[in-house]
Each structure stands twice: as C-alpha cells, then as structure tokens.
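Let's have the full structure, built from the sequences with the hints guiding it.
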Amino acid sequence: QQQVKQSPQSLIVQKGGISIINCAYENTAFDYFPWYQQFPGKGPALLIAIRPDVSEKKEGRFTISFNKSAKQFSLHIMDSQPGDSATYFCAARAGGTSYGKLTFGQGTILTVHP
Amino acid sequence: EAGVAQSPRYKIIEKRQSVAFWCNPISGHATLYWYQQILGQGPKLLIQFQNNGVVDDSQLPKDRFSAERLKGVDSTLKIQPAKLEDSAVYLCASRAGGGARDTQYFGPGTRLTVL
Numbered sequence: 001q002q003q004v005k006q007s008p009q010s011l012i013v014q015k016g017g018i019s020i021i022n023c024a025y026e027n028t029a030f031d032y033f034p035w036y037q038q039f040p041g042k043g044p045a046l047l048i049a050i051r052p053d054v055s056e057k058k059e060g061r062f063t064i065s066f067n068k069s070a071k072q073f074s075l076h077i078m079d080s081q082p083g084d085s086a087t088y089f090c091a092a093r094a095g096g097t098s099y100g101k102l103t104f105g106q107g108t109i110l111t112v113h114p
Numbered sequence: 001e002a003g004v005a006q007s008p009r010y011k012i013i014e015k016r017q018s019v020a021f022w023c024n025p026i027s028g029h030a031t032l033y034w035y036q037q038i039l040g041q042g043p044k045l046l047i048q049f050q051n052n053g054v055v056d057d058s059q060l061p062k063d064r065f066s067a068e069r070l071k072g073v074d075s076t077l078k079i080q081p082a083k084l085e086d087s088a089v090y091l092c093a094s095r096a097g098g099g100a101r102d103t104q105y106f107g108p109g110t111r112l113t114v115l
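Chains L and W supply the protein sequences, listed in that same order. What the first sequence shows, in my numbering, is residues 1 to 114, in sequence order. What the second sequence shows, in my numbering, is residues 1 to 115, in sequence order.
None of these hints come from the bench; they were simulated from the model. One should not assume that every hint holds.
[What the hints assert, rightly or not] With a cut-off of at most 27 Å between alpha-carbon atoms, the simulated DSS-like pairs for lysine-lysine come out as follows:
1) Lys42/L x Lys78/W
2) Lys62/W x Lys101/L
3) Lys44/W x Lys42/L
4) Lys44/W x Lys71/L
5) Lys42/L x Lys11/W
6) Lys68/L x Lys44/W
7) Lys101/L x Lys44/W
8) Lys42/L x Lys83/W
9) Lys15/W x Lys42/L
10) Lys44/W x Lys62/W
11) Lys11/W x Lys44/W
12) Lys78/W x Lys101/L
13) Lys5/L x Lys44/W
14) Lys101/L x Lys15/W
Please read these numbers as outputs of a predicted model, since none were measured by experiment.
Have a look at this one:
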C-alpha cells in the first residue's frame, strides 16, 4: 500500500513537444506529492509539488494534474527542451508523524531530441 | 545557502570490507534522511533522523548497516561487511520542517561499487 507506481520507464520526445509522466498510488494517507528531477551524477532536486486539495498546479512549463478519486497524478512538460533530458521521479508523503518520509516511484528517463 | 554535502563521491571496495559515508545537511535542518538508490530505481529510504534521534529505520538492514547523527548535525552511514548487492548510490537529504518547509534537499550522493 506504500507503493507509488510510475510510467513510462522511458520517454523520447522531440523538442517543443509535450512530455507526460504518470503516477498512481494506493495509500489514501498520502498528503503531499512532489516531482523530482535528477541529472546524471547529481542528487534529485524538487521540481514541483502538489497537495490533494487542488487538481492542478502550474509552474512555468511544468504542470501537475491530480485526480484524487482515481489516486493518480501526472507531470506535463510543455514545450520540452533538450535541457529537460533527465530522470524524473514522482513521490508521495504520508502525513502525520512521518517527518516527511517520501515514497518514490521507479523513475522515468526523459530524452528530448533537438 | 550551502547545499547538502556528502563525501566521498565515489568508493570502490571488495565484498566483506567496510565503508563509511558522511553527510553534512543544510544548516538548521532538523530532519536528515539516508536513501539507497540502485541503478534504474527510485531512492529507497534507509533511515530517518529527527535532530539526533532515529524516527524510522524500518528498511535499514541492521545486521550490516548502521548510522548515527552526532549532535543533531552531521551524519555517518556505515556498511560492515559489504555485499555485492550494496552497490548503489547513497543519497543524503535534509528538510527544515513541516508545512511550507516540506522540501527535501538532496546531496550529490556517494556512488559505491562493491567488487
């Protein structure tokens, strides 16, 4: 019940296209859903995050869509650029006394071709 | 502000040897995490400290892994003895607190190769 399932494992898009990565969860106690971006040789860095009381959050070219009833959320990257090529992880946090413990998805390797 | 610092960045050891990793979190961050990231997978939490106390070590292989956080600041993670399956990147992260300070900040990681 603690799993977060992420798809696809890899994604190739052309420059200017839309990249979409999907995640699904089971634990209804999750109350915070961040997306992390990781470049080779670097640690993950927070990209954007959402709480379940809203259905969408947009920051620049990055948008999270959240469907609480379906227990799914997705990351949309508009106008994808070669510099967006990285591994993306969705994650989820259980509230309460978890002190911010995150459960991560398996990751999606995004390649944006120029 | 300075980020999360980790050392060493790379380590190669033989199986059954011991190894230690060091982490210096962002100043003032009360919560510190150690994750294991196996190639092609997402980070998996090993242990979580709140100040200098352990709040979650349910996924730490305690027969070979140990960790401590001295004075609620720096932390070390030790593996003794190492196995081949311990080859991974070990990530340290820190977090200031709840609410608007939810963000976990990750260090660059230590890549461990066990031969």
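Hints and how they fare:
1. In summary, the hint linking Lys42/L to Lys78/W is supported, as the alpha carbons are separated by about 21 Å, within the 27 Å threshold.
2. A C-alpha spacing of about 19 Å is found between Lys62/W and Lys101/L, which places the hinted pair at or below 27 Å, so the restraint holds.
3. A hinted pair counts as satisfied when its Cα atoms are at most 27 Å apart, and Lys44/W with Lys42/L qualifies at roughly 16 Å.
4. For a cut-off of 27 Å, the pair hint linking Lys44/W to Lys71/L stands: about 21 Å separates their Cα positions.
5. Proposed proximity of Lys42/L and Lys11/W is supported: the alpha carbons are some 16 Å apart, at most 27 Å.
6. With a CA separation close to 24 Å, the supplied pair Lys68/L and Lys44/W stays within the 27 Å bound.
7. At most 27 Å may separate the alpha-carbon atoms for a hinted pair to count; Lys101/L and Lys44/W meet this at roughly 10 Å.
8. For the suggested pair Lys42/L and Lys83/W, the alpha carbons sit about 24 Å apart, so the restraint of at most 27 Å is met.
9. Of the supplied pair hints, the one linking Lys15/W and Lys42/L holds, its CA atoms being roughly 26 Å apart against a limit of 27 Å.
10. Between the alpha carbons of Lys44/W and Lys62/W the distance comes to roughly 15 Å, so the proposed pair stays at or under 27 Å and holds.
11. Proposed proximity of Lys11/W and Lys44/W is supported: the alpha carbons are some 20 Å apart, at most 27 Å.
12. The suggested pairing of Lys78/W with Lys101/L holds, with an alpha-carbon distance near 21 Å, which does not exceed 27 Å.
13. Distance check on the hinted pair: Lys5/L and Lys44/W sit about 14 Å apart at the alpha-carbon level, within 27 Å; holds.
14. For the proposed pair Lys101/L and Lys15/W, the alpha carbon gap of about 30 Å is over 27 Å, so the pair is violated.
Hint 14 alone, counting from the list given before, is not met by this structure.
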